[in-house]
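2 protein chains.
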Amino acid sequence: MKDFTSNNLAGINKSAIRQIFDSAPKDSINLALGEILFPESQFLKSKAKEIISKYNSVYTTNAGLLESRESICNYYNNLVEPDGVCITNGAEEAIFATLFTIINPNDEILLANPTYLAYDTIIKMVKGKTKYFQLDPNNNFELNRDSFRMAITSKTKAVILCNPSNPLSKVFSNDDIKYILEIAEENEILVIIDEIYLELYLFERSYSLLSKAKNIIVISSLSKSHCMTGWRIGWAVSANTDLIDRITVAHQYISTCASFLSQKIIPFALSKKGMESVAMNRVLLRERQKCSLEFLLEHFPSLKYARSTHAPYLFLNFGFDDLYLTKKLVSEGVIVVPGSVFGANGKNYIRLNYATDKKKIGEALIKIVILSKNIE
Amino acid sequence: MKDFTSNNLAGINKSAIRQIFDSAPKDSINLALGEILFPESQFLKSKAKEIISKYNSVYTTNAGLLESRESICNYYNNLVEPDGVCITNGAEEAIFATLFTIINPNDEILLANPTYLAYDTIIKMVKGKTKYFQLDPNNNFELNRDSFRMAITSKTKAVILCNPSNPLSKVFSNDDIKYILEIAEENEILVIIDEIYLELYLFERSYSLLSKAKNIIVISSLSKSHCMTGWRIGWAVSANTDLIDRITVAHQYISTCASFLSQKIIPFALSKKGMESVAMNRVLLRERQKCSLEFLLEHFPSLKYARSTHAPYLFLNFGFDDLYLTKKLVSEGVIVVPGSVFGANGKNYIRLNYATDKKKIGEALIKIVILSKNIE
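In order, the protein sequences belong to chains A and B. The numbers in the first sequence follow this note's numbering, run straight up by one, and end at 376. The numbers in the second sequence follow this note's numbering, run straight up by one, and end at 752.
For reference, chain A alone in the conformation it holds in the complex:
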């Protein structure tokens, strides 16, 4: 039979994380996925049930229910108007719709090395070119400013910052952010900031980088903060309402609108009571991060790792090739992600998500220690 597929997906396959996950033995301990596997808020569950009883679930305007967009504006201290918000089927659709809306063939998009791997794939899908700037693995993955500045050309359309970072679970320093924003403004570069892990700070509270600047667009969601990945609620927000308007047109033809029920949940999720569940998640994450790291450092005092400021990832270097170590671990029933899938600077690192059951993390860490010691 004829192959009906186009070149739009040439070379694009299931993500490496998914492939590793699919090859793992049953009953493996999965520390690979990007989810916070704590119970959902009972308050939000009960609100969802009330909404189901009260309303028929219908199409909303493409950008989303006004009340939900207003609550998102309020969450960002009303720095932007409801016209500056487009609610999407998770942050992934916000990223896809944004990149679809801005990229012409061969436009260059700057990405950190390492960073979340879907950005590069989506850039390829919409025919843009990825150019990487370096985060220094020998200096706690801090920005290499020269490499950032030198990556810019006349074709640079945008930079995507995953802040806090997946896979590093850390934010750029204030000085580096200032540097990036200044250079982006000078060069009329759009700054797309993915803040889906923002609320999962471990120590000091962290703040959104949304501002009134027309070249900043922030993407976020309820997925990580509220343990609500399955509700598929994300958004793109910007003071540049013209740009949000165009992203909304793309979103209209990509998927019409996000789920009515999920949208209706947003004002409750972002309310004081809804945010209390996020604070509880932070307590659980802090405890797991501390215990996991202490345990690993006890056994590997010279372990190299990214100094995380946020949950839920540890990015760890045991000194072995990361693909080799990952495969070994998967065969032992512990699923992690090899760091090199996030970019060459992640080589020899593994990404481990500790946002799950404590007993499972304990078992997995023991296996990791035994295996790493045995390879030594």
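No wet-lab data here; the hints were simulated from the structure. Don't take every hint at face value.
[Stated by the list, open to error] For lysine-lysine, the following DSS-like pairs were computed, each having C-alpha atoms within a straight-line distance of at most 27 Å:
#, chain 1, residue 1, chain 2, residue 2
1, B, Lys703, A, Lys272
2, A, Lys347, A, Lys124
3, A, Lys14, A, Lys26
4, B, Lys430, A, Lys2
5, B, Lys680, B, Lys723
6, A, Lys2, B, Lys588
7, A, Lys178, B, Lys531
8, A, Lys124, B, Lys531
9, A, Lys129, B, Lys500
10, B, Lys378, B, Lys425
11, B, Lys703, A, Lys155
12, B, Lys703, B, Lys402
13, A, Lys127, B, Lys666
14, A, Lys272, A, Lys328
15, A, Lys54, B, Lys648
16, B, Lys378, A, Lys358
17, A, Lys124, B, Lys505
18, A, Lys45, B, Lys649
19, A, Lys26, A, Lys304
20, A, Lys127, B, Lys500
21, A, Lys49, B, Lys649
22, B, Lys723, B, Lys390
23, B, Lys703, A, Lys2
24, A, Lys214, B, Lys648
25, B, Lys390, A, Lys214
26, A, Lys26, A, Lys328
27, A, Lys2, B, Lys503
Chain B: place on chain A using the hints.
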């Protein structure tokens, strides 16, 4: 400020239906949208509440929960396997992901004139070319076979059939379908069949055109049959599992997966009990279609209209320019869709959705009659 947008959305704006809708006075009677505004099934609402109580809402595999894909296979008499199903955020995302997966620049896609207007927009977004074949307005919008055959070139990649049709609410005749499928097979053309109105038959039961043919892909959803537009549940299904696999890769990067809760509802919606609510909707639709048409024919015995086999649209020709009549009606508080937005053959027709409150339809029809008589 610099314009960051690309050419991907050049010339693409809010759909014409949305623009008319947005300009209408408050408290207008809306007969323009593509929704069945009857109450949702209480059985499905109560199942949804049970699911919320019982599960945390998490990511599913990209193609969707196996149990949900199995129930979709079962709905199609197991003509295809679960690997041949990709569950999406509504049928719209299934259409977008499918066209993104198959269209190379300048590939030609055949569309009926008239048909659902988003197809052409999405084809433009992914850089394909639309070629129209004619449905004859002087012969109840039956297929003009010559125009179909002559529209095919060496660049033809696919034909999209909206069957039952939006805006006509009728199916192609069995003979015409046979003709289209034979020519498509001969020419190795993919046949994409959008069956979202299939269950809304008014008289005889209608059946899916899904088969084991590798060049057929069926798109459908719960939105219309179950009055569940807001749940955003659609799917693409085909015996061509390689193609579904690639569509699933596109879907992964477009939106990760559909809502967990909405997916969990599918097996209940497609169960015997779930389908009872669809049968009830058919009763309500049949009654409204009959009364509306009888009322109109009483006042306009020579009214031209598409002989619908399915709900929820009447496609009516009062002999006036459709844009003019639509604007007049909107100013009187009745929102309908001008037929020409669906293609040139819809000129002088208006599309009217009767799937709403009986009293509202009555009021709207009286206004339509008075207005049309006065223009005369």
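Results for each hint:
Annotation: proposed proximity of Lys703 of chain B to Lys272 of chain A is violated, straight-line Cα distance about 46 Å (limit 27 Å). For the proposed pair Lys347 of chain A and Lys124 of chain A, the alpha carbon gap of about 22 Å is at most 27 Å, so the pair holds. The hinted pair formed by Lys14 of chain A and Lys26 of chain A meets the criterion: a straight-line CA distance of about 20 Å does not exceed 27 Å. Proximity of Lys430 of chain B to Lys2 of chain A is assessed by CA-CA distance (about 45 Å); at most 27 Å being required, the pair is judged violated.
In summary, the hint linking Lys680 of chain B to Lys723 of chain B is supported, as the alpha carbons are separated by about 12 Å, within the 27 Å threshold. Restraint check for Lys2 of chain A and Lys588 of chain B: satisfied, since their Cα atoms lie roughly 15 Å apart, inside the 27 Å limit. Pair hint Lys178 of chain A plus Lys531 of chain B does not hold up; C-alpha atoms about 51 Å apart against a cutoff of 27 Å. Straight-line distance between C-alpha atoms of Lys124 of chain A and Lys531 of chain B comes to about 24 Å, which keeps the hinted pair within the 27 Å bound.
This hinted pair checks out: Lys129 of chain A and Lys500 of chain B have alpha carbons roughly 22 Å apart, not beyond 27 Å. Of the supplied pair hints, the one linking Lys378 of chain B and Lys425 of chain B is violated, its CA atoms being roughly 48 Å apart against a limit of 27 Å. With a CA separation close to 45 Å, the supplied pair Lys703 of chain B and Lys155 of chain A exceeds the 27 Å bound. Only pairs whose Cα atoms come within 27 Å are accepted, and Lys703 of chain B paired with Lys402 of chain B is accepted, the gap being roughly 15 Å.
A hinted pair counts as satisfied when its Cα atoms are at most 27 Å apart, and Lys127 of chain A with Lys666 of chain B does not qualify at roughly 51 Å. Our distance criterion of 27 Å between C-alpha atoms is broken by Lys272 of chain A and Lys328 of chain A, whose separation comes to about 45 Å. This hinted pair checks out: Lys54 of chain A and Lys648 of chain B have alpha carbons roughly 25 Å apart, not beyond 27 Å. A threshold of 27 Å between alpha carbons decides the hint, and for Lys378 of chain B with Lys358 of chain A the separation of about 50 Å lies outside it, so the pair is violated.
Straight-line distance between C-alpha atoms of Lys124 of chain A and Lys505 of chain B comes to about 22 Å, which keeps the hinted pair within the 27 Å bound. Under the criterion of a C-alpha separation no larger than 27 Å, the hint pairing Lys45 of chain A with Lys649 of chain B is consistent with the structure, at around 25 Å. A threshold of 27 Å between alpha carbons decides the hint, and for Lys26 of chain A with Lys304 of chain A the separation of about 30 Å lies outside it, so the pair is violated. Note on Lys127 of chain A and Lys500 of chain B: the hinted pairing holds, with a Cα-Cα distance of about 16 Å set against a maximum of 27 Å.
Straight-line distance between C-alpha atoms of Lys49 of chain A and Lys649 of chain B comes to about 21 Å, which keeps the hinted pair within the 27 Å bound. Among the hinted pairs, Lys723 of chain B with Lys390 of chain B is consistent with the structure: their alpha-carbon atoms are about 21 Å apart, no more than 27 Å. For a cut-off of 27 Å, the pair hint linking Lys703 of chain B to Lys2 of chain A is broken: about 47 Å separates their Cα positions. Among the hinted pairs, Lys214 of chain A with Lys648 of chain B is inconsistent with the structure: their alpha-carbon atoms are about 53 Å apart, more than 27 Å.
Distance restraint check for Lys390 of chain B and Lys214 of chain A: the Cα-Cα separation of roughly 22 Å lies within the 27 Å cut-off, and the hinted pair is therefore satisfied. For the hint linking Lys26 of chain A to Lys328 of chain A, the alpha-carbon distance of about 15 Å falls within 27 Å, and the restraint holds. Of the supplied pair hints, the one linking Lys2 of chain A and Lys503 of chain B holds, its CA atoms being roughly 21 Å apart against a limit of 27 Å.
Violated hints, in rising order: 1, 4, 7, 10, 11, 13, 14, 16, 19, 23, 24; the structure is consistent with all others.
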